[in-house]
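One-letter residues, chain by chain:
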Amino acid sequence: MTYTKPLPKIRPYTKEFWEAAKRGELLIQHCDDCNRNIFYPRAVCPRCKGKNVRYIKTSGRGRLFSFSLVEKGAPPDFKEDVPYVICLVDLDEKVRIGSMLVGYDDYWALKPGMEVEVVFHPVTEEISLPKFKPVGSEFVFPEQNQSEEGT
Amino acid sequence: MSIKGKVAFIGYGDIPVGKYPERTSVQQAIQVSLMAMETAGLEPEAVDTILTTRSYADQVYDWGIGLFGEEIGMRSKLEFQMYAGGSSSSAMIKVAAGLILSGQSQNVLMVASNKWGTMKREAAVDKLANLHHEDWERPFGFFQIGAVALQMKLAFVYGLVTPEQSAAVAVSNRKWAAMNPNAMYRDPITIEDVLNSGFVADPIHVLESPPLADGAAALIMTSAENAEKQVDQPVYLLGAGSSFSFSNVSQAKISAMEGQQLAAKDAYEMAGLGPEDIDVASIYEPYPLGTLSWLVSLGLKKNLTEAGQWMLEGGGAPGGELPVTTDGGMLSRGHCAIAGGMLFVVEAIRQLRGEAGERQVKNPEIAVATAMGGVGNSAFVEILGINP
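Sequence lines, in order, name chains G and B. Take the first sequence: its position 138, counting from 1, is numbered 138 in the working numbering, and each next residue is one higher. Take the second sequence: its position 87, counting from 1, is numbered 87 in the working numbering, and each next residue is one higher.
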């Protein structure tokens with residue numbers, strides 16, 4: 001089954017991110033000029049405008065900042081996933097990342113501040129999307145090209 | 001240099017908002033522009049500057065270059081498009097004021113015309129979803145209302161606002177819309193209707209999200225001096241403030257509400273006025289929590305809880321303490337994209353000129369209009385008055 005949803009483009013300064021994602025590692029950038037962490041990846045540090053930005057590995061863990069159950073409003077290419085949960089996660093490394101939340105039991109029991117961890121969704125040979133699940137959830141995505149079930 | 005009272009609106013135009021497949025965006029734009037020139041008593045030749053914006057969807061992609069002037073048959077010295085999402089018209093107002101006060105333009109026509117109502121809903125939702133970052137949001141199922149929902153969810157989680165208070169905004173707007181012949185939806189709704197309409201994305205119910213519509217609006221601005229010669233009742237721009245924060249919601253360094261507060265502070269300072277001076281509030285509100293946060297940001301209410309309770313008790317409804325969004329707003333008048341934003345200024349002008357018909361507020365002197373772009377990315381406030 002071919003993956004038909006929008007895919008991120010691999011750019012010169014994001015190649016490393018997507019290669020690591022394939023290995024199951026969540027990277028963010030670190031600016032050596034102002035010593036801050038950066039997400040999403042940029043060619044130039046958005047704070048100090050320095051060019052000495054490099055990728056660092058994260059713990060892949062963080063806390064839910066906010067979340068929303070999508071029912072009737074999904075974009076056409078996500079219709080088959082409804083209902084699904086989009087979320088904002090504050091990584092332990094102090095950057096915020098927008099993603100999807102999977103592997104939860106009861107949406108209405110979710111709370112901001114809940115501990116979550118990354119779980120990669122291999123959607124093509126090149127792209128594994130970093131999604132999040134509650135810490136302790138045993139949820140895993142099936143290998144790519146088998147099934148799109150599970151979100 | 002303050003622009004307070006130095007420029008004024010002399011004309012405005014609008015048409016019914018809704019689903020009108022027979023109208024093209026250019027035809028709509030011509031109709032509202034002619035009305036604006038008529039209300040201003042201005043000949044087309046006197047308009048020397050035309051500010052247009054994206055049409056979003058039509059047979060002619062975004063009007064080409066100078067297409068509007070060509071279609072309506074107006075040769076100007078300056079015609080260009082401006083775009084800042086739902087706040088495009090507010091950005092136009094700032095630019096128009098600058099052009100006029102620097103002596104570069106005399107009479108500026110601002111026009112927006114959009115066709116969201118006739119587009120297939122899916123195509124419109126898809127177009128809007130494509131405003132989200134193509135690498136870091138769009139692949140994760142993000143879209144316009146979802147990104148707004150992520151910001152609004154916390155107000156409900158932390159109990160700052162109840163679902164009933166939020167629903168009350170939609171009910172209040174509908175009451176105003178019932179008195180607006182140009183509004184898309186005019187039949188009464190109840191809080192129960194809103195809460196039973198299902199979620200677009202939690203916490204935003206279907207009846208708390210705006211119906212996509214076709215519509216158009218136009219404004220004409222000139223210097224205060226010209227305005228006083230041209231029309232009986234100029235509507236002066238007393239204050240204008242704005243703030244830009246983020247494009248994608250994960251990147252917000254300040255909240256949408258903090259952005260609103262910065263815009264409001266600038267506008268009040270320029271006008272030398274405060275919340276106690278406002279007679280009518282024309283609040284940009286695709287979602288009810290937007291109205292509540294604007295009520296707080298404009299200093300009209302202390303906090304979201306107080307704002308919510310006030311709306312629940314009918315404070316902003318017809319017959320209430322302060323008329324809020326008297327044309328029915330995005331939720332009931334209809335969301336015709338950029339034109340929908342401009343209509344909040346049109347409504348403020350109409351109220352100040354005493355031309356709002358059945359929904360006319362009694363002798364207002366000062367009105368506030370607001371706008372937001374994207375998913376809370378930008379915030380604009382204009383304060384308008386009948387005296388400079």
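Simulated from the structure, these hints should not be mistaken for lab results. Certain hints may be false.
[Stated by the list, open to error] The calculated lysine-lysine pairs, modelled on DSBU-like cross-linking and capped at a C-alpha distance of 35 Å, are: (1) K51/G <-> K15/G; (2) K51/G <-> K79/G; (3) K253/B <-> K79/G; (4) K4/B <-> K9/G; (5) K302/B <-> K229/B; (6) K229/B <-> K94/B; (7) K111/G <-> K77/B; (8) K72/G <-> K302/B; (9) K253/B <-> K57/G; (10) K4/B <-> K120/B; (11) K229/B <-> K9/G; (12) K72/G <-> K127/B; (13) K94/G <-> K302/B.
[Claimed, not checked] Simulated restraints, written as ranges between beta carbons of each label pair: (14) P181/B <-> C34/G: 52 to 58 Å; (15) P12/G <-> D62/B: 20 to 26 Å; (16) R54/G <-> K19/B: 32 to 38 Å; (17) L78/B <-> K57/G: 49 to 55 Å; (18) Y13/G <-> V206/B: 39 to 45 Å; (19) K120/B <-> N35/G: 47 to 53 Å.
The C-beta atom is built at its ideal place from N, Cα and C for all residues, glycine as well.
Hints, verified against the model:
| no. | hint | in the structure |
| --- | --- | --- |
| 1 | K51/G <-> K15/G | holds (17 Å) |
| 2 | K51/G <-> K79/G | violated (40 Å) |
| 3 | K253/B <-> K79/G | holds (31 Å) |
| 4 | K4/B <-> K9/G | violated (47 Å) |
| 5 | K302/B <-> K229/B | violated (42 Å) |
| 6 | K229/B <-> K94/B | holds (22 Å) |
| 7 | K111/G <-> K77/B | violated (57 Å) |
| 8 | K72/G <-> K302/B | holds (33 Å) |
| 9 | K253/B <-> K57/G | holds (23 Å) |
| 10 | K4/B <-> K120/B | violated (43 Å) |
| 11 | K229/B <-> K9/G | violated (57 Å) |
| 12 | K72/G <-> K127/B | holds (17 Å) |
| 13 | K94/G <-> K302/B | holds (31 Å) |
| 14 | P181/B <-> C34/G: 52 to 58 Å | holds (57 Å) |
| 15 | P12/G <-> D62/B: 20 to 26 Å | violated (30 Å) |
| 16 | R54/G <-> K19/B: 32 to 38 Å | violated (53 Å) |
| 17 | L78/B <-> K57/G: 49 to 55 Å | holds (53 Å) |
| 18 | Y13/G <-> V206/B: 39 to 45 Å | holds (41 Å) |
| 19 | K120/B <-> N35/G: 47 to 53 Å | holds (49 Å) |
The structure fails to meet hints 2, 4, 5, 7, 10, 11, 15, 16 from the earlier list, while all remaining hints are met.
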